[in-house]
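Protein chains: 2
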Amino acid sequence: MANWQALIREQLEKDREASVKLLQEWVQSPSVQGAEESIQKSIAELLAKMGLDVDLWVMAGEELVSHPYFVSPRQTFEGSPNVVGVWKGAGDGRSLILNGHVDVVPAGDYAQWSDDPFSGKVADGKLYGRGATDMKGGNLSSLLAISVLQKLGVRLKGDVIYQSVVEEESGGAGTLATILRGYKADAALIPEPTNMKIFPKQQGSMWFRLTVKGRSAHGGTRYEGVSAIEKSMLVVQAIGRLEKERNDRLDDPLYAKLPIPIPINIGVIEGGKWPSSVADLVKLEGRMGVAPGEQMDDAKAEMETALQRLAEVDPWFAEQPVELEWYGARWVPGDVAQDHPLMEILQDKFAAVTGERAIVEASPWGTDGGLLTALADTPAIVVGPGVTQVAHYRDEYIVLDDVFRCAEIFALTMLDWCGVAEGPAK
Amino acid sequence: MANWQALIREQLEKDREASVKLLQEWVQSPSVQGAEESIQKSIAELLAKMGLDVDLWVMAGEELVSHPYFVSPRQTFEGSPNVVGVWKGAGDGRSLILNGHVDVVPAGDYAQWSDDPFSGKVADGKLYGRGATDMKGGNLSSLLAISVLQKLGVRLKGDVIYQSVVEEESGGAGTLATILRGYKADAALIPEPTNMKIFPKQQGSMWFRLTVKGRSAHGGTRYEGVSAIEKSMLVVQAIGRLEKERNDRLDDPLYAKLPIPIPINIGVIEGGKWPSSVADLVKLEGRMGVAPGEQMDDAKAEMETALQRLAEVDPWFAEQPVELEWYGARWVPGDVAQDHPLMEILQDKFAAVTGERAIVEASPWGTDGGLLTALADTPAIVVGPGVTQVAHYRDEYIVLDDVFRCAEIFALTMLDWCGVAEGPAK
Numbered sequence: 001m002a003n004w005q006a007l008i009r010e011q012l013e014k015d016r017e018a019s020v021k022l023l024q025e026w027v028q029s030p031s032v033q034g035a036e037e038s039i040q041k042s043i044a045e046l047l048a049k050m051g052l053d054v055d056l057w058v059m060a061g062e063e064l065v066s067h068p069y070f071v072s073p074r075q076t077f078e079g080s081p082n083v084v085g086v087w088k089g090a091g092d093g094r095s096l097i098l099n100g101h102v103d104v105v106p107a108g109d110y111a112q113w114s115d116d117p118f119s120g121k122v123a124d125g126k127l128y129g130r131g132a133t134d135m136k137g138g139n140l141s142s143l144l145a146i147s148v149l150q151k152l153g154v155r156l157k158g159d160v161i162y163q164s165v166v167e168e169e170s171g172g173a174g175t176l177a178t179i180l181r182g183y184k185a186d187a188a189l190i191p192e193p194t195n196m197k198i199f200p201k202q203q204g205s206m207w208f209r210l211t212v213k214g215r216s217a218h219g220g221t222r223y224e225g226v227s228a229i230e231k232s233m234l235v236v237q238a239i240g241r242l243e244k245e246r247n248d249r250l251d252d253p254l255y256a257k258l259p260i261p262i263p264i265n266i267g268v269i270e271g272g273k274w275p276s277s278v279a280d281l282v283k284l285e286g287r288m289g290v291a292p293g294e295q296m297d298d299a300k301a302e303m304e305t306a307l308q309r310l311a312e313v314d315p316w317f318a319e320q321p322v323e324l325e326w327y328g329a330r331w332v333p334g335d336v337a338q339d340h341p342l343m344e345i346l347q348d349k350f351a352a353v354t355g356e357r358a359i360v361e362a363s364p365w366g367t368d369g370g371l372l373t374a375l376a377d378t379p380a381i382v383v384g385p386g387v388t389q390v391a392h393y394r395d396e397y398i399v400l401d402d403v404f405r406c407a408e409i410f411a412l413t414m415l416d417w418c419g420v421a422e423g424p425a426k
Numbered sequence: 001m002a003n004w005q006a007l008i009r010e011q012l013e014k015d016r017e018a019s020v021k022l023l024q025e026w027v028q029s030p031s032v033q034g035a036e037e038s039i040q041k042s043i044a045e046l047l048a049k050m051g052l053d054v055d056l057w058v059m060a061g062e063e064l065v066s067h068p069y070f071v072s073p074r075q076t077f078e079g080s081p082n083v084v085g086v087w088k089g090a091g092d093g094r095s096l097i098l099n100g101h102v103d104v105v106p107a108g109d110y111a112q113w114s115d116d117p118f119s120g121k122v123a124d125g126k127l128y129g130r131g132a133t134d135m136k137g138g139n140l141s142s143l144l145a146i147s148v149l150q151k152l153g154v155r156l157k158g159d160v161i162y163q164s165v166v167e168e169e170s171g172g173a174g175t176l177a178t179i180l181r182g183y184k185a186d187a188a189l190i191p192e193p194t195n196m197k198i199f200p201k202q203q204g205s206m207w208f209r210l211t212v213k214g215r216s217a218h219g220g221t222r223y224e225g226v227s228a229i230e231k232s233m234l235v236v237q238a239i240g241r242l243e244k245e246r247n248d249r250l251d252d253p254l255y256a257k258l259p260i261p262i263p264i265n266i267g268v269i270e271g272g273k274w275p276s277s278v279a280d281l282v283k284l285e286g287r288m289g290v291a292p293g294e295q296m297d298d299a300k301a302e303m304e305t306a307l308q309r310l311a312e313v314d315p316w317f318a319e320q321p322v323e324l325e326w327y328g329a330r331w332v333p334g335d336v337a338q339d340h341p342l343m344e345i346l347q348d349k350f351a352a353v354t355g356e357r358a359i360v361e362a363s364p365w366g367t368d369g370g371l372l373t374a375l376a377d378t379p380a381i382v383v384g385p386g387v388t389q390v391a392h393y394r395d396e397y398i399v400l401d402d403v404f405r406c407a408e409i410f411a412l413t414m415l416d417w418c419g420v421a422e423g424p425a426k
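These protein sequences, in sequence, are chains A and B.
With full-length UniProt numbering, you'll find the first sequence wraps up at 426, consecutive numbering, no jumps.
With full-length UniProt numbering, you'll find the second sequence wraps up at 426, consecutive numbering, no jumps.
Just so you know, these hints were derived from the structure itself, not from any lab.
The structure displayed is predicted, hence computed values, not measured ones.
Treat the hints with care, since some could be wrong.
Since the list can't tell identical chains apart, any single copy or any two copies may satisfy a pair.
[Claimed, not checked] With a straight-line cut-off of 25 Å between C-alpha atoms, the simulated DSS-like cross-links for lysine-lysine are:
| id | residue 1 | residue 2 |
| --- | --- | --- |
| 1 | 126 | 21 |
| 2 | 283 | 273 |
| 3 | 300 | 273 |
The following block holds chain A by itself, in its conformation from the complex:
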């Protein structure tokens, strides 16, 4: 039997320089929502060169946009194609989806970044830029896992389906479209930035919009009005209390180390139109975490109750209740059994490659894994090389060694999961 691990590591080392250059190019392509076409085309070309059956398409159609799991701020996706490449197996093996998104969140305030947010700069073994960690580095690990096996002359028994999707950051319409197009497998890996922790459970989340009302007046007699800005602070406090209640009662040991396992984040505030008028309307937008195993409708009901209780804090809210709207993105929570065979293989390979025991936790955020598990009957496990703490953050980076270590773990996992039909060539 071949010493797979040594062969794989050696080959990855040989390709390392070219691989880093590829990741740089990916990060330098600022693929925020609506601007993914360039990177997707280059990925499709690459997959075709590797001999995969490539499917590049712009998702569309009534079945997609009217699907109960469809959430996106947009209804049409020109300029944002999906890409899937299938590495056909010889047959008689278990298939595996390697799913990853190419859309990245906006860079935020450029001035807070030490470099251009899309620099792709390499320094001290790290590669910097928006998307490096979330999740172009992980996508590279998946791609390298395939290419390294190919270069070693391996042919697997089961199919490997490489998915480069859009719209993850706004709720998973890209992955939903792959499911509706018929892609499924016996299991899936999603290399979201977990610091190589293994997440069989993933937190779901939902976006909400709150409308807080005030009553306008001249700023010079502001006591004649009611400031929606001041009232919105009471709303933010109430959301904080709800977050605390929901997290205090959570006793899943997989979440034990997280300060706030299922956070409620208020990310956007906007209100008032004139400095010297009392603001009569404030809009708050945020995301509410949903625990694995929790029904999304139950979480929604808790939010409604918390807002209704505001009338006890301030009678103004009895007169002018806060309006609640669930809009935009939604991620279904995911839940794969801890003794699933792929979980065992993964932990085994992790230990072999790193010499350490894998950390198994539940993810603090939603991923496309929930959709694959719930809709496509494809149990999805989330594990990847990115640095969780810098996702959606200024000076986002990834540690390059981790990318290659993940590729090694994934390649070894594929050998066991999909089975080996041929190779390695000598």
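Following the hints, complete the assembly by docking chain B onto the known chain A.
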């Protein structure tokens, strides 16, 4: 000697229906900043028909925009002409400016209005719509004071200068332009909405913008970031404390009846870009009241100190101090002696017309009066028929009887202040 008061009242009554129709047309013209051309042209035509020397011009030029008292979000004013009409006196009398602005603040949330904000609807003796009170109703009082005297065949000794200006709501560039064009007088009346209280002192005010910083992170691990939205609440509280300090020490008896004589209003909040990211920047915009007699620079310094003290509340602000910018509008405080001859005439006429004693107070907001007093050597007194409480407010209205009562007081005041050369015709 003619019974002026009876003659004036009778003539106003005769013209009442046409006058109300005119005010309706004015209110139906939604003359928010940048959209004043239509109403100004119609006012210029009207003044010309009344025989006044009419000056309609679009203000411009280096002298204006580089003037230390110039404040405006814009530098050019196409579509927003000023209008001045001079009713020349026979000579040897005191001149009087009747100043009023035609710009109105935006309507805010249309849904909170019972009718279209620019309906001009008349019901129960009130005329409704944005600008009815602030201050098209008052402008009509000034216009009627001139026209009623003309119709009675009066010719005054002193000039009466009717000024229909733009840009009052953003800091007085319109009135500044009239001053730079050479208009001044022995005194001025400004019929801003005072509920017919007489304001020899006017509060000044300044606009400010605060930039509150956070640190971005993924909403699902929001504890890794610092929310600029949460920090902005501490800033709003600090502004509240500053407002209280400044008002607690104010002992001007003219302000005794106001709950907050010199308010600080935060009118606009805006921050964060993505519901599931921690907001790294929040912008707050507001207006700070300045007491009559207070130096604007002293008020600015107090705001700076209050923001610096935030570091004692939360060490985050030592690391990331709130940025303060004075921008946009600024109104110079005004201060006319309570025993000024025009004050005496006004109080006398008020008593004659209403049978009541005039209330003399200090205004809770800035007006163009500060500029006229400080720059044009034209002591300006603010008194007008509008309802203070509904200025900048939904369902703004004016009580029509008050408009005509103010016209009567102004006409009588003009007879005494400017002196009568001819009339009335029998």
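For each hint, the structure was consulted:
Taking CA atoms no more than 25 Å apart as the test, residue 126 paired with residue 21 passes inside one copy only; the shortest distance there is 13 Å, against 73 Å between copies. With identical chains, the CA atoms of residue 283 and residue 273 are at most 25 Å apart both within one copy (12 Å) and between copies (12 Å). Taking identical chains as interchangeable, the C-alpha atoms of residue 300 and residue 273 lie at most 25 Å apart only when they sit on different chains, with a minimum of 23 Å there against 30 Å within one chain.
Consistency with the previously given hints is maintained throughout, with no hint failing.
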